[in-house]
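For the sequence shown, the positions run 5 to 153 when this note's numbering is used.
The set of hints was computed from the structure by calculation and includes no laboratory data.
Bear in mind that the values here come from a model prediction, so they are computed numbers and not experimental data.
Built from N, CA and C at the ideal position, the CB exists for glycine as well.
A portion of the hints provided could be inaccurate.
[Stated by the list, open to error] Computed beta-carbon distance windows for the label pairs:
hint, residue 1, residue 2, range
1, ALA28, SER105, 18 to 24 Å
2, ALA148, ASP7, 43 to 49 Å
3, MET8, ALA148, 19 to 25 Å
4, ASP5, ASP110, 18 to 24 Å
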Amino acid sequence: DPDMATLVARRNVPVIMMHNRERADPALDIMADIRAFFARSLAIAERAGIRRDSVVLDPGIGFGKTPEQSMTAIARLAELKEFELPLLVGASRKRFIDRISPAPPDQRIGGSITAHTIAVRNGAAIIRAHDVAETVQALRVLTAIEARA
Numbered sequence: 005d006p007d008m009a010t011l012v013a014r015r016n017v018p019v020i021m022m023h024n025r026e027r028a029d030p031a032l033d034i035m036a037d038i039r040a041f042f043a044r045s046l047a048i049a050e051r052a053g054i055r056r057d058s059v060v061l062d063p064g065i066g067f068g069k070t071p072e073q074s075m076t077a078i079a080r081l082a083e084l085k086e087f088e089l090p091l092l093v094g095a096s097r098k099r100f101i102d103r104i105s106p107a108p109p110d111q112r113i114g115g116s117i118t119a120h121t122i123a124v125r126n127g128a129a130i131i132r133a134h135d136v137a138e139t140v141q142a143l144r145v146l147t148a149i150e151a152r153a
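Could you build all of it, start to finish, from the sequences and the hints given here?
Shown next, in the form of structure tokens:
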């Protein structure tokens, strides 16, 4: 939205650009679509005068994507490093977890932590989670183990 971009630039505030489709298209190459969306959005931001160092990219896990596409976006998150911007992932309690291991949202903690751990390994700098303490603990363990590799 060019009007939103102008407002963000004028206020000089940080912005999260999230990929979102109106509806899921199972035949779509989701990573190509996400990359094209970010390229367009960043061009709009640049024209509006938004500072690049105030932008965070979010592939929009669960938003206008099939469960398979959400999993693909996490698995191939590293492809978005080409934009050289922080990546945010919010996979907490998402429906794709239920597809793999059926459970109500409040019982998807293990799947959420697994998805977030993979996202961090693939380049996520920011995680949005419902179960913050458990996610932080898992990521601290990941960091400690990887430091010994």
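How the hints compare with the structure:
With their beta carbons about 20 Å apart, ALA28 and SER105 fall inside the hinted range of 18 to 24 Å. The beta-carbon spacing between ALA148 and ASP7, approximately 46 Å, falls within the hinted interval of 43 to 49 Å. At about 40 Å, the CB distance of MET8 to ALA148 disagrees with the hint of 19 to 25 Å. For ASP5 and ASP110, the Cβ-Cβ distance of about 34 Å falls outside the hinted range of 18 to 24 Å, so the restraint is violated.
When the structure is compared with the earlier hints, violations turn up for hints 3, 4 and for no others.
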